Amino acid sequence: MPDTQALVNDFLNKLKKRKIEGSQATAKQTAELLRSVISQTRMPYTNQAAALIHSVKAVGERLIAANPVELAVGNVVRRVLHIVREEDLSLTTAAMAGLNLSAESDDEDDTDRDNHPALSAAAIAAASRSTLRPPSLQTLLEDVPDSAAVPHTSSSGGDSEGKSKSADKSSRSRKLKHDVIEAVNELIQDISTCHELIAEQAVEHIHQNEVILTLGSSRTVLEFLCAAKEKKRSFRVFVAEGAPRYQGHLLAKELVTRGLQTTLITDSAVFAMISRVNMVIVGAHAVMANGGVIAPVGLNMVALAAQKHAVPFVVLAGSHKLCPLYPHHPEVLLNELRSPSELLDFGEFSDCLDFGSGIGAPLLHVVNPTFDYVPPKLVSLFITDTGGHNPSYMYRLIADYYSADDLVLERRTTSGN
Amino acid sequence: MDARRMSRAVPRVRQVGFFTPNTPVQQPRPQSAAPSSESPPLSDSPASNSLSPVMIPPPRHLSDNLGGRTAAVPVPGRENSGELPTVGSYNPSESVLWLDSPPRSRIGDEELSEGAESSLGWYRRSNSAKFASSLPSGGFNLSTVKHPESVAAVEAKNPLPGKSEAQKEQASSSKPLKAKTTKAERRALQESQRAAKAASKAEANKSGTAGGAPSSKPMKQPPLKKDGPPVASSIAASERIGVDRSVEKERKKDLPPPRKQFDDESRGGRAKRRSVLNQPEARNRVELFRHLPPHKNGTQLPYLQSKFFELHEKHPAVYKVGLQYLAGDLSGGNARCIAMLQAFQEAIRDYSTPPEKTLTRDLTSKIGGFVSFLIECRPLSMSMGNAIRFLKSRIARLPLTLSESEAKTTLCSDIDRFINEKIVLADKVILRHAATKIRDGDVLLTYGSSCVVEMILLYAHELGKQFRVVVVDSHPMLEGQKLLRRLVVKGLSCIYTQLNAISYVMHEVTRVFLGASSIFSNGTVYSMVGTASVAMVAHAFRVPVLVCCEAYKFHERVQLDSICFNELGDPDAISKVPGRVDVNFLDNLTDKQKENLELLNLKYDATPSDYISVIVTDYGMIPPTSVPVIVREYRKEYLLI
Chain E
1 MPDTQALVND FLNKLKKRKI EGSQATAKQT AELLRSVISQ TRMPYTNQAA
51 ALIHSVKAVG ERLIAANPVE LAVGNVVRRV LHIVREEDLS LTTAAMAGLN
101 LSAESDDEDD TDRDNHPALS AAAIAAASRS TLRPPSLQTL LEDVPDSAAV
151 PHTSSSGGDS EGKSKSADKS SRSRKLKHDV IEAVNELIQD ISTCHELIAE
201 QAVEHIHQNE VILTLGSSRT VLEFLCAAKE KKRSFRVFVA EGAPRYQGHL
251 LAKELVTRGL QTTLITDSAV FAMISRVNMV IVGAHAVMAN GGVIAPVGLN
301 MVALAAQKHA VPFVVLAGSH KLCPLYPHHP EVLLNELRSP SELLDFGEFS
351 DCLDFGSGIG APLLHVVNPT FDYVPPKLVS LFITDTGGHN PSYMYRLIAD
401 YYSADDLVLE RRTTSGN
Chain H
1001 MDARRMSRAV PRVRQVGFFT PNTPVQQPRP QSAAPSSESP PLSDSPASNS
1051 LSPVMIPPPR HLSDNLGGRT AAVPVPGREN SGELPTVGSY NPSESVLWLD
1101 SPPRSRIGDE ELSEGAESSL GWYRRSNSAK FASSLPSGGF NLSTVKHPES
1151 VAAVEAKNPL PGKSEAQKEQ ASSSKPLKAK TTKAERRALQ ESQRAAKAAS
1201 KAEANKSGTA GGAPSSKPMK QPPLKKDGPP VASSIAASER IGVDRSVEKE
1251 RKKDLPPPRK QFDDESRGGR AKRRSVLNQP EARNRVELFR HLPPHKNGTQ
1301 LPYLQSKFFE LHEKHPAVYK VGLQYLAGDL SGGNARCIAM LQAFQEAIRD
1351 YSTPPEKTLT RDLTSKIGGF VSFLIECRPL SMSMGNAIRF LKSRIARLPL
1401 TLSESEAKTT LCSDIDRFIN EKIVLADKVI LRHAATKIRD GDVLLTYGSS
1451 CVVEMILLYA HELGKQFRVV VVDSHPMLEG QKLLRRLVVK GLSCIYTQLN
1501 AISYVMHEVT RVFLGASSIF SNGTVYSMVG TASVAMVAHA FRVPVLVCCE
1551 AYKFHERVQL DSICFNELGD PDAISKVPGR VDVNFLDNLT DKQKENLELL
1601 NLKYDATPSD YISVIVTDYG MIPPTSVPVI VREYRKEYLL I
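Note that the protein sequences, when read in sequence, are chains E and H. Going by the working numbering, the residue at position 318 of the first sequence is 318; the numbering climbs one at a time, nothing skipped. Start counting at 1 in the second sequence, then tack on 1000, and there's your number in the working numbering.
Because the hints were derived from the structure by calculation, they are not lab data. Warning: the hint list may mix true and false statements.
When the alpha-carbon atoms are kept at most 30 Å apart in a straight line, the in silico DSSO-like pairs for lysine-lysine are as follows [stated by the list, open to error]:
#1 H/K1594 with E/K229
#2 H/K1437 with E/K308
#3 E/K229 with H/K1576
#4 H/K1594 with E/K231
All figures in this text were calculated on a predicted structure; none of them were measured in a lab.
Isolated chain H (complex conformation):
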C-alpha cells in the first residue's frame, strides 16, 4: 500500500494524465495536486487500494486521453500528440487509475478542487450564477463517490467499457471547474494554486516542449470559454457538476452554492452577452432587488420565437416549455417541473451521441444547456433544481455497459419514475394525510392556487365531508379566481375574498391549507407572495396552518427573509387591474413622475417556521423543525434509487 502511495505521489505525471485531455489551461493544476495527493487522508483511504487490479496498458490509455481531449476541447486543430508521450511516460499506471471510479473520485477530487476550484473562484461569478438555483453539484458528487466499486472493478476488467469511461472521466473533469465552493475554500485554493503555478514553471522546464507549452499559460481557461459559441459556453457553465470528488469534499459540498448576484457589475456584462433574451433595461428597478434578475415579460416572446433557428441546439420540446414559462402559460411548481422533465425526456429520446463523445458527458452538457435556456425564460424553482439534480445524477451513474438506446430508455424510465413517485404518488399520500385533518363543519382557508391543496379539497369533498372553503386571492396574480372556478364547478361551497380582508374572514376559519414552492431546511416556507401574511394572521387568530408540500421540494438552503432571494414579476402588472377600468391612476405619468416611482412585483415570500403548525408531506405530517432531517434522508434515498 505504501509503495503504491509512493508511486501515486510521483506527482505531475498523474495529474497531467488526468488534466491535459481537457484543456491546456489546466496544466498548472497537476502541480498543485501533487502535494495534495501525498497527504495522508487521501492515500490512506481504503478505496484507493482497490485500484490496483485495474491496470490497463498505457498506450491504450493515451489514445483514450487523446479522444477525450478532442471531444472536450472545442478548440480545433490543437496539437495534442506532443503531450501524449509525456503523459504516458510519467506514469501510465497512475493515469489508468482514472478508470476506476472510487479512487478517481478520491484523488481526482483533490486535484480538481485545487486547480479547478481556484480558477473557478474567479470564474464562477462571471458566468455561472445564473444557474445557481439549479446547481446540482452537491448531489452529483455524492453520486460519484457512492458509485459501487464492484461496477468499477468489472468495467475496469474489460478494456472497452474502460475506455469509454476514461473518456467520460476526461470530459467530466472539465465539469468540476464550475463547481462552487465557499469563500474560505476558494481562498485556500487560490493560494495553493499560486504555489502550484510556481511549481508548474519548474515542471515546464522539466517536461519539455509539449508539456511546457500549455503549462506556461495557466490562466488561459476563461478565453477558452469564449472560443465556443455563446450557447456552448452556457452549456459548459451549467455543468459544473463534479463527478470526481473525495468524501470530505462531498461533505463540504453539502453547502448550497451561493446564488448569482445580479448587482455584481463584473458579472453583468458577461451574462448579458451570453443571454438569449434581451435584458430589460434597468429603469425603475427597485434598489433593494438589484441582485435579482429582472423580469422578462412576454413581450420578448416573438423575439425568442424568431430566434428558434439560431438556437438549434435546443430541442423543440425544451424550447416549447421555455416559451411557455416566458409567456406565463405554465405556472405552479409541479406543473413546471413535470413539463420540464417531460421535455427533457423527449430530448433524451431524440438524442444520439455525437461521434467521439460519450453519452454520459455529452448528455449532461446538453441538459445543462437546456436548463440554462429555461433559466433565461424564467428562474427555476427549487423543486426544479432538485429534479435536474436528480436527472444529472442518473445520467452520471449510468452503467457504462449499457448501449446508447438502453441508456436512453433507462433515463426515460427514471424520469417517469421521478414524476410518478415524487410528484404524483406523493400528492396522493399527501391527500390521504391531509384529509384526516378535515372534519365536518370545518371552514378551510386557502391562498392563491395550489394544486395539492385543490386536490385535497376535492378529495375531502368526494369523501363526503361537509365543509366550506375560503379562497383568498391577491392582485396581481389573481390565481384564486381560477381555483374558485374549479371548486365551484365541483359543487364546493366557497367564500371568495382578497388578501386584505384576511383578518375579517379568519374569525370563522378552522384550518388554513397552504401550498409551498419550496421548504428550506430551517423550516422557512418559500411560497407565493402573501402566504406569509396569511400564515401570520392565522397564527394571530390561533388557527392551525397546514403546509402541503411534496418532499422533493425541500431544499437544504436556509433563508430568513424574502429579500435575499426571490423572483421579480412583471412590474407593469401592478398598475393594471383586470376587470377594473376605474383603476387607472398610474396611466399617464410624466417622465419626472416615472423617475421617482418604482413598481415592485415580488413573486415569493418566506414564511417563518413559527407560523407553521404542520407540514404535510409524502413522509407524513411533520413539524417544520423536521425539515432538515427529511432533506438529509431524502437526499440519500434518491441517490440510491
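For reference, chain E alone in the conformation it holds in the complex:
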C-alpha cells in the first residue's frame, strides 16, 4: 500500500508539473497506476466491487484534480470503473447461474457446462447491464464476446462452490480482482495499439495524388499518413508549423524521413493554401460527448477555413480520448495557458513596462493558450480505433465505454455503497 501511495504521489506531481506530454502517454500511465492500485487494494468479504470502485475513485479524483484539462486521465479512470462494474456484474450473474445450474444437473460434460451457463449468464448480464447503461446497438451485438469470459469464471466458481462457502467467497474475490486486472491490461494494450488500428483505415481515406493539410504534430497523424504511404499511395502533405510550439517542424522532419513529399507552411498561410487541399487530417487532445474537439491551438482556425472551402476536416482520436462530458465554455474552462516566454522573451519588454509605479494592472498581457475548441459542426469525420464516426454519433460511442454512474467523479455519494 505505501508503495502505491508513493507511485500515486509521484504521478500526481508529474501531472501537476505537466511533465507528461500527450494524452496517450498520460492515459497509459494512468491505467498502469490504477492497475497497481487495484492490485494493492485489500478486498473485504462483502461488496468487493464497491471497495474497488471506492479506491479507484479516490485515486482518480486526485489525478483528475492534478490536471483537470488532461481529460485522458478522467477517461481512463472512468474506463477502469466501468471495467470493475462490468466484471462484478458478470461474476455475480455467472455465480447465480452456476448455483442454479449445479442444483439442476450436477455432473455433465465439460462442454455442456461451458455452454449452458454461458448462455444463461449472458442473458442475465445483458438484462442487468441494461439497468447500468442505456441499451445501444453495440451493447446488444457485443454481448457475445463479453460473455465469453463468463464460462471460465462460472466453471471455476462451480468448482469451488462444492467445497465450502468461504472458499468460494475468497476465490470469487480473487477472481474479481484478477479479472479486473486482466481487463485493465487489455485497456492498456488498447491504448498503446490504437495508432495501428487507426492507421489501418488510412487507405480508405487517402487516395492517389491527394493534398493533405495538418497542423502541429500528432503521432496518430504521423502513423496514419505513413500507413497510407506504405500502401504505395503517393500524396503530398502540407504541414502548418503550429506556433508557438512549432511541433509541425518535428512532424515535417518525420514525414520527409519516411519519404513523403512534405511542404512546411506557416500557420498564417493556412487560409491561403487550403483552397488547394483535399483533406485536413489532424489529431485531437480530447473528443467531447457532443462531438466537439479539444485540439491543439490553431485548429479552430483551420477548421473554419476548411469549412469555408468545403474541405473535409477529419479528426483522428484513439478511444482513450473520448470524453463522456459535455463541454461548457470549453475554450476557457478546458484550456490551459502556457508560459508567455514561448511568445516573448522574458525581459524583452521590461524596458518599456514601468512596474515600479505599481498602479493598476500591467499594460501588457501575453496570452498563450494550449488548446482550441472545435465545435462539432466543423468536424466532418472522426476516425477512432473502432472506425469512422460522425460527430453526432459520439455520445453513443461514448456510452459503450463508460458507465453512466461514473460521469461525475467528484460526487462521492454516487458510488452506491
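We have chain E already, so just place chain H on it with the hints.
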C-alpha cells in the same frame, strides 16, 4: 473632312513617318496600319479634325524625325538619311499630324497597336513580365488621350515646341511596343500583322532602297533589344507605356496586363540573363508557386553592393532604396512607396536631359530602369505600381513649353503632392473616420503591424478613449512585437498573442482593425499573410472587421485566391524562430530529407470580401462592393490633378 481623311488614308506614308524614326523593325507596321486608318471610327472621330491647323513644313519635320530616331535607336551609325526623303515625300502633312496630341493618339494608336502589339505579343513574355506589377500602361493611355487639345494647338503653332514634341512622339512610339494586350487582341493583331507583312513586301518594292531595306526584315526588333546593354534593355522593357492610344484602345487597356509567370520556360532564360541579381537556384521550390519569382534574400546584398559601379545608370538614392528593400530594412506598403517616390524625386532633381533627347521620354525610360531595378530587389506592391503609374503620367503630360528645370520642379512638387495627399493626408482622414468607430471599453484586435492601424490606435488613445488592444502576431515576420512595443511605450493596454490563439482571444474582441497592402476591385483584400484567417475567425465570431487602407492602394485587378499572385519570402526563415533555441528540428537534415521537404513562406493572402464589414478609406467608409467605384473615380481624378 472627307478629303482629309482620304489624304490620311494615303497609307504607308504616314506610317513610315511615324515609325521609321524609332526602329527599322517597325517598318512593317505601316502597312498594317494603312487599312486601319481608313476605318470609319478613326477618321470620323472629331478630334482628328482639329489637326488641320497644325501644319508644319515637311523639311523640318524630317529633321525632327531624324533626331528622334537617333535618340531612340541605340544602334549607332545606322544610315537613316536614305529613308528620310521617302518619309517626307509620301505625305509630309500627315507626318506633321504627329505633332498634335489628340489626333496622334487616335491614329497612332491603331498603328501602334497593330504593329507594336503584334510584335509585343511575342515579346512581352520574354522580358517584361517582371514588371508586371508596375505596369502603368492603362493610366498612361488615358493621360495621352485626355491631353487638352488647346495645349496641343498652341504648341503646334510655334515651331520650336512642336519640334521637341515631335521628337518625343517618336521616342514614345517605341514604348507602346511593350504595351500588353489580351490574348484575343494579340491574336487579332498578329493576323493583321501577317497581312501587313505581305503588304510590306509590296511596299518595299515601291518605296525603293531606303524604305525597302528595313521593311524587308520586319522581325528584327527582338535582336535590337539585345544590342543595348542589359540595363538598357530592361529600361526599354519597363516603358511600355503607350503614349498614343485611341479611345477605344483606352477602354481595352483598362484591363490590367497579365503578370509574368515565372514558370514559363521560354521567358526564364531571358529574365535570368538580364537580372542584376543572381537568381536563387530552384531547389526546394514549391510546385504550386513556380510561377512566382523566388525570394532574393539579403545574402545577395554584398554582391549587389559590389556591383554598384557597374550599375552607374542607377541613381544612388534609388540604389539605396533598392538595397533597403533587399535587406528587408524597409517594409510596409506606405513606407516602401514613400521611400521609392522620394528616391525618384532625388533622381529627378539630379537629372539632366542628355543631348538629342527629350526630357519626357528619356526621363520616363530612366524611371522605368529604376523601377525594374527595384523590382529585382523585391517585387513591387500594388500601391507602388499605382504611384509609378501616377509619376509616369505626370511626366508624359508635362507641358512642352516648360524648360528642363521647370519641368523638374513640377515633377518634384507633383511627387510631394502625391505623398502628401494620397498618403499623409489620406491617413489623417482615415484616422478621423476610424476613431468614430472606437468606443470606451472596446477591445480592438489588430494583426501584424499596419502603420495606419497604429496611427488610429494612438489617435484614439490621445482622444482619451478607454480601450484595450489585442496585438496578434505570426511567425516568421513577428512584426506585431514591434507594434506592441510602440503601443506599450505610449501607454496603451495591450494583449499579445499568436495567430493560432485567435479563436481564444476573439471572444472578448469587439472590433478588428486590419491594414491592407492592396484592395482589388472585387473587394478582395490583399494583405499580409494571416489577415484572411483573422478576418475569417472574426466573421465566425460576429465581430466587425474594419480594413483601413488608403485609396491609392486600390487596384482594378481581381483575384480570388492567394495562389495565383503572391510574393514568396525567404523559405529559410521558417525553420528558425528568433529567441527559441529549442526549435531546431530542421537543423541537421540529410540530403534525402531535404529532397522531400519544401519550405513555403508566403507573404500575402487574399481575404474574401464577405469577411469585411467596412473599408475605411480616405473617401469615407465604404463596403467592399464599392471598391470598383472608387477605383474608377479615383483613377479619373488623379489623372486630372
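Structure-based check of each hint:
1. A C-alpha spacing of about 18 Å is found between H/K1594 and E/K229, which places the hinted pair at or below 30 Å, so the restraint holds.
2. As the CA atoms of H/K1437 and E/K308 are separated by approximately 28 Å, the hinted pair is consistent with the 30 Å bound.
3. Distance restraint check for E/K229 and H/K1576: the Cα-Cα separation of roughly 28 Å lies within the 30 Å cut-off, and the hinted pair is therefore satisfied.
4. Between the alpha carbons of H/K1594 and E/K231 the distance comes to roughly 23 Å, so the proposed pair stays at or under 30 Å and holds.
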